[in-house]
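Q: Taking the hints into account, I'd like the entire structure generated from these sequences.
As you go down the protein sequences, you meet chains A and B in turn. Counting from 1 along the first sequence, just add 43 to a position and that's the residue number in my numbering. Counting from 1 along the second sequence, just add 43 to a position and that's the residue number in my numbering.
Check the hints yourself; a few may be wrong.
Since the list can't tell identical chains apart, any single copy or any two copies may satisfy a pair.
Claimed, not checked - Taking lysine to any residue and the SDA-like style, the derived pairs with C-alpha atoms no more than 25 Å apart in a straight line are:
1) Lys174 to Glu69
2) Lys336 to Gln81
3) Lys742 to Asn535
4) Lys742 to Val536
5) Lys695 to Met604
6) Lys742 to Pro605
7) Lys742 to Met604
8) Lys629 to Gln549
9) Lys174 to Arg717
10) Lys695 to Ser593
11) Lys742 to Glu691
12) Lys483 to Gly396
13) Lys742 to Asp518
14) Lys174 to Leu130
15) Lys174 to Phe445
16) Lys288 to Gly376
17) Lys483 to Leu61
18) Lys742 to Arg541
19) Lys742 to Leu689
20) Lys742 to Ile546
21) Lys695 to Asp518
22) Lys341 to Arg240
23) Lys377 to Ser671
24) Lys629 to Asp545
Since the hints were derived computationally from the structure, they do not count as laboratory data. All values reported here derive from a predicted model rather than from experimental measurement.
2 protein chains.
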Amino acid sequence: MASNKTVGAGLPEPTHTLLLSGNDVEQKRDEILNYFTQTWALYESLFDCLANERAYFTKAISLRHPLIFYFGHTATFYINKLMAAGLIEDRIDPHIEAMLAIGVDEMSWDDLDTSHYDWPALAELRDYRGKVHRRIIEFIKEMPLSLPIDWESPAWVILMGIEHERIHLETSSVLMRQLPVEWLQPQPHWPACQRARTDRTAAPENTLVSLPETTLTLGKTDDTYGWDNEYGRLDCDIKAFKASKMLVSNAEFYEFVQAGGYQDPQWWDEEGQGWLSFSKAEMPTFWVGAASKPAILKLRLLAEEVPMPWDWPVEVNQLEAAAFCRWKAEDTGKSIQLPTEAEWYVLRQQVEGDQPGWDQAPGNINLAWWASSCPVDRFPQGDFYDIVGNVWQWTTTPISGFDGFKVHPLYDDFSTPTFDGKHAIIKGGSWISTGNEALKSSRYAFRRHFFQHAGFRYVVSTHQEKLTVNPYETDLLVSQYLDFQYGPRYFNVPNYARALVDIAEQVVEKRGSALDIGCATGRASFELARTFDQVTGMDYSARFIDVALSLVRGEERRYLMPEEGELVQYCQASLSEIGITPEQAKRVQFVQGDACNLKPHSESYDLVLASNLLDRLRDPRRFLHDISAKIVSGGVLIISSPYTWLEEFTPKENWIGGVRENGEALSSYQALQRLLDGDFEEINPPLDVPFVIRETARKHQHTVAQVTVWRKR
Amino acid sequence: MASNKTVGAGLPEPTHTLLLSGNDVEQKRDEILNYFTQTWALYESLFDCLANERAYFTKAISLRHPLIFYFGHTATFYINKLMAAGLIEDRIDPHIEAMLAIGVDEMSWDDLDTSHYDWPALAELRDYRGKVHRRIIEFIKEMPLSLPIDWESPAWVILMGIEHERIHLETSSVLMRQLPVEWLQPQPHWPACQRARTDRTAAPENTLVSLPETTLTLGKTDDTYGWDNEYGRLDCDIKAFKASKMLVSNAEFYEFVQAGGYQDPQWWDEEGQGWLSFSKAEMPTFWVGAASKPAILKLRLLAEEVPMPWDWPVEVNQLEAAAFCRWKAEDTGKSIQLPTEAEWYVLRQQVEGDQPGWDQAPGNINLAWWASSCPVDRFPQGDFYDIVGNVWQWTTTPISGFDGFKVHPLYDDFSTPTFDGKHAIIKGGSWISTGNEALKSSRYAFRRHFFQHAGFRYVVSTHQEKLTVNPYETDLLVSQYLDFQYGPRYFNVPNYARALVDIAEQVVEKRGSALDIGCATGRASFELARTFDQVTGMDYSARFIDVALSLVRGEERRYLMPEEGELVQYCQASLSEIGITPEQAKRVQFVQGDACNLKPHSESYDLVLASNLLDRLRDPRRFLHDISAKIVSGGVLIISSPYTWLEEFTPKENWIGGVRENGEALSSYQALQRLLDGDFEEINPPLDVPFVIRETARKHQHTVAQVTVWRKR
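A: Structure, rendered in structure tokens:
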């Protein structure tokens, strides 16, 4: 396989992504230097394809800056990240570094970036790139380096700059395909594949290949640079499915076009219909001509238009790919759809090794063959073709972090804005995917309407993508409570929920059922479930209950914590992190309820824990009265409160204590003794239990609650 | 002296205030029991003077409850305090104990208590008193007791109840004098003095007696129960002065009345004129008849009217006494005025011993002689008469706590509401002053328009009463800062100002001048003054500067800290408590100023400390720019901040850090390095210094500031 490699027809020797570990520091420094200069040169050489300055300064699509921005951007990125990391002290050009810092994320198709930019002249940017090039080489030569390179290494910042530039190598090549062809000039060092079947009927027929049920663990473990979203771990059980042997070719996709697929809303979901109505698309975006005249259709490549290569993979967005699948499913009666990310990994088991170890690329990837797609039956890989390479393959999976995901602090907006449920993962890489992009572990995601060098293969699968949106919780109160209940210790103060449950476990013998009333995001409920048979977590706030329920489902909750000014920290909470098993979690039932209006359940509990509840109720006396009936004789009521009475929560006439009665100070503790005296016996001296709620990186609420323990008579 | 003691004419044997210490616990228990029952019986016997129920249920004056309230009140007080202290578990009668709990403080003369009260019947209250009497005896017999009795002893609560009843013995007797005389019935066990000169010209002539300059320390140190305001310590230097040998008699005061003193506003201060115009007074309140007909004037005693005893002390409020002094000063050309509290203590040196040790009372006090005043020349005491006894003597001194004053938590509204600059101290006691009231250390104070069995003696003195109002600071922010800067440690976190000055002292060699910018209530300024020659404390808030200035003057600042709900803690701050000497304090100059608009002083400093300032400025960049010119070359700038940027204080565009710049996170520390780089060298790695600001008894802000240290180039 891969016998007639065309390198030498112009493309430079393919690069290998470098390994983070090694024994020889200076050798590694040389590797980094080479990898940097290779990437830099490759990126600049791509811009040779632009025929004129107009091509630099005109937007290819409304949602992105013109190419002049990207020409400078990859250089400014090095300087901005090195400045942010405190690794260099001086800028090269503050103006350029400010202007070319922030790209435009792909948004909805009808968003318009109407800002006016006064872009620098090309010569100015060439000069600037020269200066940055020298500065980075100097930096690489002088930076402290120890092996393996890790997140904290200065070299990681350099690798980040290199891999960032390699991403823009690909995305800029897409933007070039979207410019008028006359603004481009084909270059011998960016050669297109010459092999193509221009007779539609000659295109190979696709078939389905079966794959057995598989268990896989996703998450990067290899020894190369990765973006933060690649790390972590996800265990997957993938049911048996079938997958198309080849990517869908232009010919195969034409059947959908011919069948009026672009005109029939039934194949399109709501987002797809919206895009269709906005774009007025009638065929794939890189097709040139009219869908009704297939014989004279052309395909737009990087710098030229060629007669339609019907056996090359079709390039579409995810909306078009999904529409094709629906049509095909209807047509065949099979549950045809796009694969999940995990299903792609099942396919990927058919390909040996990974890019750093490839002697020769097993597919049209890593710029190892051409500067274009090639026939879908050109590169067999196991029982399939093009599992990697040729064009990216859309999946149904919205991108999200794996369990244990942590944001890289130096590029905290690389992944997190895409964890919005709207960005679908693409897998496999294209002909121009190099470096990290060409790795098995790489994960990129785009809005479903967006174009890349991306097509698809379909699967026959019963999978149903959980369209769970798991974005960062931005509700400040929910975030604060997640951090309070699941986050780290501050000032060495032990976890409050755990401390309260420790007390409960000392005084409650019968561990039948427990009620955690005012459970917030549920930590104490889960802690109780370690030893109680049944736990009810109740809170007035549905927002909290939703969070607790998602934790029961095994989800990881992400939240943002204010750090300093507008800067935030990305955090996560999950039951596995606190060592709660799914069985334990299942013992907890979370319900929304009002502690001041308890429903007359038949149920009563061996323990009721009311933590940080009393002084947030509008009628705490009523709660204290009603709760008695919910506790079995001999059962225990634990009340923990800092007695922070505020009229905002409790009308002053309802404060049980912290008031003057007959002119005398009546503390809340005295009031509790009086109110509970009839039904309860106080069995412990009151305890002080501290807790800390973090507000920013440096500011915290540090409170000492009083815990009183009462046994029902 | 005091040879013809009249006890036996009806008054019971005088009591002695009991000592707190002793060797025999059970003997002390008996003493307490006796003291309680004596007081209780004495109080009830006073009410024998009321002739009918109308006398119980009609208000004597609009500002106070009717006597029925006071009849029950002293009993409910025991129960309410014992409940509040958690020493008893059950009430005797919740309704009565709620209704008779709170008296009406003497207010302005035109305040009216218009509440409707449904007072209990007399028989009901008699029954109630009986129950309380039995309960308290039982309590005294059973209470844990160890010697000496202190603030925490259960016995202290009993003594509080006893002394409280003795106060009301006196104030109720005043109210009885203010009821129509026909509602009273003279009782043989409340005998008035029979000795009186009813011929005005026969009244003894007053003279002035000289007293030398004296140094005294005020503040209770004896071994008896005291109210919280008596404790603490005040060192006084009292210049030489003269004092009237006798109290001002009715005859002597008549000269002022005759001279038209009540009609001439020049003798009355503003408050006096207001009272005069409201009351339409033309002569002292207990005089009966017309000022123009002195021959037939009578004097109202407790239960009768008697022909005017011209040689008895006149009874007036402080406004009348002060008016008399002004008139007398004009008349004589001498600086006649009322004495200060300290001047009274100079006089008090002429009287040996104190009430607990008296075999026979040296004056008309402690109910040792009569149930009325007596002639002003009846009881010689040293070179004077009536330094103690006969009637209370008004001073010019507004009551306030001595240095080190602490509120007794079980009666925290006994003293503190009178620390308002409007309550003048009375000294010396009257014929009915017993128990604590009869002690040298006792301190009572009333609004200046109020009547007691009180008159005055005058002094020729150059003293000028500092009419400093030193009430409790109720501005929450000022209180929080006083506590933050001068209060105790919380969570064992060291004082923040001191911690910062420790850092300063490590890096600043030349200790010439220092600027503490954003000094708040000045703690760091004072700490700097320990080693710097000159310190400027600057703050934008005049409220803070006022506090700092008063501390420089040696004043104690009192403030309230929220404790729980509406309950507060009474706190105080002073330089002596933190070991700052007056010389050190004088090195500090406090000025109001704007850190974002620094005046171009010629001055520059060896040290500028900017603590918790940066993130509260509207333009921190300007401050960082301007401050450079204020620091000598080689001088040091210390910035301490938690970088809590809030738009409330700093418009977002002015945040120096905690922002994204060119898409990269820019921390405030990085921003500081950049902004200060030109003029400064960073000479220390940044330090984390924690601080705690208490919000309630259980809730705190716990913050970790970053301290950066910069040397001016």
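Q: Are the hints correct? Go through all of them and say.
A: Results of checking the hints against the structure:
1. Lys174 to Glu69: within (24 Å within a copy, 96 Å between copies)
2. Lys336 to Gln81: For Lys336 and Gln81, the Cα distance exceeds 25 Å both inside one copy (43 Å) and across copies (120 Å).
3. Lys742 to Asn535: Cα proximity of Lys742 and Asn535: in one copy and across copies (15 Å, 17 Å).
4. Lys742 to Val536: both (15 Å within a copy, 14 Å between copies)
5. Lys695 to Met604: Result: close only across copies, 19 Å inter versus 33 Å intra.
6. Lys742 to Pro605: So Lys742 and Pro605 pass the 25 Å test inside a copy (10 Å) and across (21 Å) alike.
7. Lys742 to Met604: For Lys742 and Met604, the Cα distance is within 25 Å both inside one copy (12 Å) and across copies (21 Å).
8. Lys629 to Gln549: So Lys629 and Gln549 pass the 25 Å test inside one copy only (23 Å; across, 58 Å).
9. Lys174 to Arg717: For Lys174 and Arg717, only the inter-copy Cα distance (22 Å) is at most 25 Å; the intra-copy one is 78 Å.
10. Lys695 to Ser593: For Lys695 and Ser593, neither the intra-copy (36 Å) nor the inter-copy (36 Å) Cα distance is at most 25 Å.
11. Lys742 to Glu691: Both, since 23 Å and 17 Å are each at most 25 Å.
12. Lys483 to Gly396: within (9 Å within a copy, 99 Å between copies)
13. Lys742 to Asp518: both (18 Å within a copy, 23 Å between copies)
14. Lys174 to Leu130: For Lys174 and Leu130, only the intra-copy Cα distance (17 Å) is at most 25 Å; the inter-copy one is 82 Å.
15. Lys174 to Phe445: neither (39 Å within a copy, 74 Å between copies)
16. Lys288 to Gly376: Intra 19 Å, inter 121 Å, cutoff 25 Å: intra-copy only.
17. Lys483 to Leu61: within (14 Å within a copy, 92 Å between copies)
18. Lys742 to Arg541: So Lys742 and Arg541 pass the 25 Å test inside a copy (23 Å) and across (20 Å) alike.
19. Lys742 to Leu689: Both, since 22 Å and 13 Å are each at most 25 Å.
20. Lys742 to Ile546: Answer is between; shortest inter-copy Cα gap is 21 Å, intra-copy 28 Å.
21. Lys695 to Asp518: between (28 Å within a copy, 21 Å between copies)
22. Lys341 to Arg240: So Lys341 and Arg240 pass the 25 Å test inside one copy only (12 Å; across, 134 Å).
23. Lys377 to Ser671: Neither, since 59 Å and 76 Å both go past 25 Å.
24. Lys629 to Asp545: within (21 Å within a copy, 55 Å between copies)
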